[in-house]
Amino acid sequence: LFKRVDDNNLEEVEQDYSYSVKIPASKATLFDLAVRYTSCGTSFRMTAEIIGCTYDVLGDPRLRHCCRQDVSNNYIRVIGAVNLQRISDLLSRSWGFSLALDSATHQSTSYLDLRFRLFVKEQETIVCLHGCSLPMVDRHTGEVMFDIVTKFLSVLCPELKIRLVGVASDGARNMTGRVAGVLVTRVASAMHESCPLTRIWCGAHQLDLVMEYIMNNVIKERFFGIMTAFISSHAAIEFDRRHEDDLPSHC
Amino acid sequence: MKTTCPRIVNRWLSTAKVTKWFKIHRAQLLQHIESKHPASAPPRLWWVSLMAMQHFTHRTSVAFCSIQGLTTLLEQQQAALNDLVGFFKEDVGVEGPLDAEAIGDLDLLTHVTDGKYAVQLSSVHEFLCGLASWIDTLIDEAIDVDRNNLFKDIGQVYVTACNRIDSICVHRNHNNDPFDDPTALPPVLPHEIVKLSAFQFLQKIRKNTFRLDHRYSSSLIDVIADEQKALRHAYRTEPVLKDAIDQISGRSSFKEGWSAIAGARFQNLIDYCGVVATLFPGTSTVESDFSVLRWEKDGFRKQLSDIGLEGVMQAKQYCFIQQLLPPERNAA
Numbered sequence: 004l005f006k007r008v009d010d011n012n013l014e015e016v017e018q019d020y021s022y023s024v025k026i027p028a029s030k031a032t033l034f035d036l037a038v039r040y041t042s043c044g045t046s047f048r049m050t051a052e053i054i055g056c057t058y059d060v061l062g063d064p065r066l067r068h069c070c071r072q073d074v075s076n077n078y079i080r081v082i083g084a085v086n087l088q089r090i091s092d093l094l095s096r097s098w099g100f101s102l103a104l105d106s107a108t109h110q111s112t113s114y115l116d117l118r119f120r121l122f123v124k125e126q127e128t129i130v131c132l133h134g135c136s137l138p139m140v141d142r143h144t145g146e147v148m149f150d151i152v153t154k155f156l157s158v159l160c161p162e163l164k165i166r167l168v169g170v171a172s173d174g175a176r177n178m179t180g181r182v183a184g185v186l187v188t189r190v191a192s193a194m195h196e197s198c199p200l201t202r203i204w205c206g207a208h209q210l211d212l213v214m215e216y217i218m219n220n221v222i223k224e225r226f227f228g229i230m231t232a233f234i235s236s237h238a239a240i241e242f243d244r245r246h247e248d249d250l251p252s253h254c
Numbered sequence: 003m004k005t006t007c008p009r010i011v012n013r014w015l016s017t018a019k020v021t022k023w024f025k026i027h028r029a030q031l032l033q034h035i036e037s038k039h040p041a042s043a044p045p046r047l048w049w050v051s052l053m054a055m056q057h058f059t060h061r062t063s064v065a066f067c068s069i070q071g072l073t074t075l076l077e078q079q080q081a082a083l084n085d086l087v088g089f090f091k092e093d094v095g096v097e098g099p100l101d102a103e104a105i106g107d108l109d110l111l112t113h114v115t116d117g118k119y120a121v122q123l124s125s126v127h128e129f130l131c132g133l134a135s136w137i138d139t140l141i142d143e144a145i146d147v148d149r150n151n152l153f154k155d156i157g158q159v160y161v162t163a164c165n166r167i168d169s170i171c172v173h174r175n176h177n178n179d180p181f182d183d184p185t186a187l188p189p190v191l192p193h194e195i196v197k198l199s200a201f202q203f204l205q206k207i208r209k210n211t212f213r214l215d216h217r218y219s220s221s222l223i224d225v226i227a228d229e230q231k232a233l234r235h236a237y238r239t240e241p242v243l244k245d246a247i248d249q250i251s252g253r254s255s256f257k258e259g260w261s262a263i264a265g266a267r268f269q270n271l272i273d274y275c276g277v278v279a280t281l282f283p284g285t286s287t288v289e290s291d292f293s294v295l296r297w298e299k300d301g302f303r304k305q306l307s308d309i310g311l312e313g314v315m316q317a318k319q320y321c322f323i324q325q326l327l328p329p330e331r332n333a334a
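If you read the sequences in order, they're chains A and Z.
One point on numbering: in my numbering, the residue at position 105 of the first sequence is 108, and numbering is uninterrupted.
One point on numbering: in my numbering, the residue at position 175 of the second sequence is 177, and numbering is uninterrupted.
By construction, these hints were calculated from the structure, which means they are not laboratory data.
A couple of the hints might just be wrong.
[Unchecked claim] No farther apart than 25 Å at their CA atoms in a straight line, the calculated lysine to aspartate or glutamate pairs in the DMTMM-like style are these:
id, chain 1, residue 1, chain 2, residue 2
1, Z, K22, A, D63
2, Z, K154, A, E215
3, Z, K154, Z, D183
4, A, K124, Z, D168
5, A, K164, Z, D93
6, A, K124, Z, D93
7, A, K223, Z, E229
8, A, K223, Z, D168
9, Z, K231, A, E162
10, Z, K206, A, D92
11, Z, K19, A, E215
12, Z, K257, A, D211
13, Z, K154, A, E224
[Stated by the list, open to error] Residues from chain Z that keep clear of chain A, each with C-beta distances beyond 10 Å, as calculated:
id, residue
14, H113
15, T139
16, E298
[To be verified] With the Cβ distance kept under 7 Å, some of the chain Z side facing chain A (calculated, not the full set):
id, residue
17, T5
18, S63
19, V64
20, C67
21, V159
22, L243
23, D245
24, Q249
25, G310
26, K318
No residue lacks a Cβ here, since even glycine has one placed at the ideal position from N, Cα and C.
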């Protein structure tokens, strides 16, 4: 489906290689559809199945022969690579960019998410792009996270030490924040000495902290205590009723 | 009642929904309380607190949502927070920021204070009576102690909010403390740039000299400074441009701010400001990625592999990224 074209000029160089991917015109519709289905959240297998169903209904010959391996190996992995290449190109064209990072644990796996904000000169616009959600299988110390981040970023932008303008994190809200805080400190110390880093502590998280303080310390008992007691007493009644419904012998 | 109270969780944002529900269904709830006499029925004066908290959480949640955007500028976030404090000052009558001496002179029997902000209990009374037509009757019926406690509680909520929101500073130093100089970040919109003298502007952009020299040439920083001087001159001599710049405020986005200044004469200045403006005001965009992650890999799809998950995320922005590079680079 995709034809890998080796760049002859770079053949002799061991590591620095490039390749281009050409989509045959006959597969363009299939590719577009696979990307759109996947963007809606379907898995690779589901995407292939749905395209198969679409072909069954519409009978469009352009949608024939789509298998799971095509979707995973030839479409989605490729668009991941193309996206990262584009981001890398955009980063190298600009004199600076910013980064936001945070980690979260979901279903026992921790993810470190990175987002870039950069300025596209031609369009005179700021864009915010998803970099990657990096799963962390190792320990979650600041040092390990720093290694993961720098490994990823140094591939995307080899001149990271000079280009990175600012980093935003969620500060010291919880353990995750503290780890991210350590991470920001490590990134800042890795910068070029003439390129200081601007650190940002998320404004929304700070506003959140203010509100939490007010709710927990200023007006908790005389307002929230009464409200939650009133709601929970009625929730209990509702629960009892449902319980009775489940047990018809009580009726 | 044929209506269900929204779920209250430990997030304060859910309070905004719950208080709104209580406000809308107040008449039905009172009817229910009168007929059933539940032991947990709230006291009459509690309904006044409810109305105030509905006002408070509604205003804050609107501001909270407004600062979360893909391209929100630091200035826009600061303007939204300033507006929030402004609303509280205007609606409730909170005064501030006051110096320590002025705060010390206030009578604590008639005022509630927190840090640099204070509010008179009589102002809180007036604010509460304005929230609904039935509130003044409830307040008049209450005994003095309860009434005073109510005013103090509500007053304390607003002054604490004003004081703490006013001291929010996103720019941090190496210890994660607020940055010493709150004006250290260079301005990124034309209406602020024209206020700076050539010397002040150079002072601010000097921090990035090495970066610019590395990417372009050593003379670019002077070209940018020259363009700032040209912008200042144009602001003084071109009425149309002056009018356009005067329309810009801290609430304007980067695109809105610079769209009025057409042409190539400020190209390098725009490029410089554009990169500085990329600074994230928060991590809400990253949090939105986690929302996508939790939505896609829910309890029914625990086996979704990391590459599948990342594939979904990259597929979502594929078309957008395709549009960003100029046509000659699009042949990947």
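Structure-based check of all given hints:
no.: 1; hint: K22/Z - D63/A; result: 52 Å, violated
no.: 2; hint: K154/Z - E215/A; result: 19 Å, holds
no.: 3; hint: K154/Z - D183/Z; result: 35 Å, violated
no.: 4; hint: K124/A - D168/Z; result: 35 Å, violated
no.: 5; hint: K164/A - D93/Z; result: 48 Å, violated
no.: 6; hint: K124/A - D93/Z; result: 43 Å, violated
no.: 7; hint: K223/A - E229/Z; result: 55 Å, violated
no.: 8; hint: K223/A - D168/Z; result: 22 Å, holds
no.: 9; hint: K231/Z - E162/A; result: 31 Å, violated
no.: 10; hint: K206/Z - D92/A; result: 28 Å, violated
no.: 11; hint: K19/Z - E215/A; result: 16 Å, holds
no.: 12; hint: K257/Z - D211/A; result: 28 Å, violated
no.: 13; hint: K154/Z - E224/A; result: 14 Å, holds
no.: 14; hint: H113; result: 16 Å, holds
no.: 15; hint: T139; result: 20 Å, holds
no.: 16; hint: E298; result: 5 Å, violated
no.: 17; hint: T5; result: 12 Å, violated
no.: 18; hint: S63; result: 9 Å, violated
no.: 19; hint: V64; result: 12 Å, violated
no.: 20; hint: C67; result: 9 Å, violated
no.: 21; hint: V159; result: 5 Å, holds
no.: 22; hint: L243; result: 17 Å, violated
no.: 23; hint: D245; result: 21 Å, violated
no.: 24; hint: Q249; result: 18 Å, violated
no.: 25; hint: G310; result: 5 Å, holds
no.: 26; hint: K318; result: 5 Å, holds
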